[in-house]
Amino acid sequence: DTAVSQTPKYLVTQMGNDKSIKCEQNLGHDTMYWYKQDSKKFLKIMFSYNNKELIINETVPNRFSPKSPDKAHLNLHINSLELGDSAVYFCASSQAGLLSSGANVLTFGAGSRLTVL
Amino acid sequence: RKEVEQDPGPFNVPEGATVAFNCTYSNSASQSFFWYRQDCRKEPKLLMSVYSSGNEDGRFTAQLNRASQYISLLIRDSKLSDSATYLCVENTGAAGNKLTFGGGTRVLVKP
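The listed protein sequences correspond, in order, to chains X and S.
The first sequence begins at -15 in my numbering and counts up by one.
The second sequence begins at 6 in my numbering and counts up by one.
Hints were generated in silico from the structure; no laboratory data involved.
There may be inaccurate statements among the hints.
As the list claims (entries may be wrong) - With a Cα cut of at most 20 Å, we get these calculated EDC-like pairs of lysine to aspartate or glutamate:
id, chain 1, residue 1, chain 2, residue 2
1, S, K103, X, D2
2, X, K20, S, D87
3, X, K25, S, E61
4, S, K50, X, E37
5, X, K25, S, D62
6, X, K28, S, E61
7, X, K28, S, E8
8, X, K25, S, E20
9, S, K103, X, E66
To be verified - Far from chain X by the CB rule (all over 10 Å, computed), these chain S residues:
id, residue
10, G21
11, S33
12, F39
13, E48
14, P49
15, L51
16, S54
17, S58
18, S77
19, K84
20, L85
21, T90
22, L92
23, G109
Quick reminder that beta carbons are idealized off the backbone N, C-alpha and C, glycines included.
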């Protein structure tokens, strides 16, 4: 019963191709995110959605297009892949509410390792 | 200057010893902080939340110093299984729960 599941776990592709990563959470959370972790291990937010509505869009090239068909799913489509897109992409979710009640704590998926050749 | 800065380490720690490391942040308005643990090639997992001056959970103690804008994490009686990268995370309270991650501090506990 994985809380946040993302597929595929590994993705190797050629430059210029288009690929998608899917994410689903069964925690009933309202907010979902995509984070990118590059080779230097810094985790940077790309997008967040709250109840299917885009809230955060962090200066990400428009080759990256997130889609949230419902609050339990957040997919990431990447067009015209470049070498610099190679990274681990983490999906995460959280619940809004009081900080003291554990809100805003991120639960991450296992990551999707993208390698662009 | 990075928003959240951490010593990347590694901190080499004998089993059973105590280790502590800090994380500095630049936004004085930040409301809360977290420590996450990330094992090699795995996803980050929450270790501890820090809302006021600090928090303690078993062998782990986090202290928040708002005047000097840093958070510390102390691990007592280190276990081999504590070997991981510890990520400091800042919540500025911005819309969308935008969290800023530090680069992580690597801890290696050795027998």
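The hints, checked one at a time:
1. S:K103 - X:D2: This hinted pair is violated, its Cα atoms lying about 28 Å apart.
2. X:K20 - S:D87: Violated: K20 (chain X) and D87 (chain S) sit about 25 Å apart, past 20 Å.
3. X:K25 - S:E61: violated, 27 Å
4. S:K50 - X:E37: Between K50 (chain S) and E37 (chain X) the Cα gap is close to 25 Å, so the pair fails against 20 Å, i.e. violated.
5. X:K25 - S:D62: violated, 26 Å
6. X:K28 - S:E61: This hinted pair is violated, its Cα atoms lying about 27 Å apart.
7. X:K28 - S:E8: holds, 12 Å
8. X:K25 - S:E20: violated, 26 Å
9. S:K103 - X:E66: Given that 20 Å is the threshold and the Cα spacing comes to 26 Å, the pair is violated.
10. G21: holds, 28 Å
11. S33: holds, 18 Å
12. F39: Check fails; 7 Å does not lie beyond 10 Å.
13. E48: violated, 4 Å
14. P49: violated, 5 Å
15. L51: violated, 5 Å
16. S54: violated, 7 Å
17. S58: Non-interface label on S58 (chain S) holds, nearest chain X Cβ at 14 Å vs cutoff 10 Å.
18. S77: holds, 20 Å
19. K84: holds, 23 Å
20. L85: holds, 22 Å
21. T90: Per Cβ check, T90 (chain S) is inside 10 Å of chain X; nearest 7 Å; violated.
22. L92: Incorrect as stated: the minimum Cβ-Cβ distance to chain X is 7 Å, not above 10 Å.
23. G109: Given that some Cβ of chain X is not farther than 10 Å from that of G109 (chain S), nearest at about 6 Å, it is violated.
Hints 1, 2, 3, 4, 5, 6, 8, 9, 12, 13, 14, 15, 16, 21, 22 and 23, counting from the list given before, are not met by this structure.
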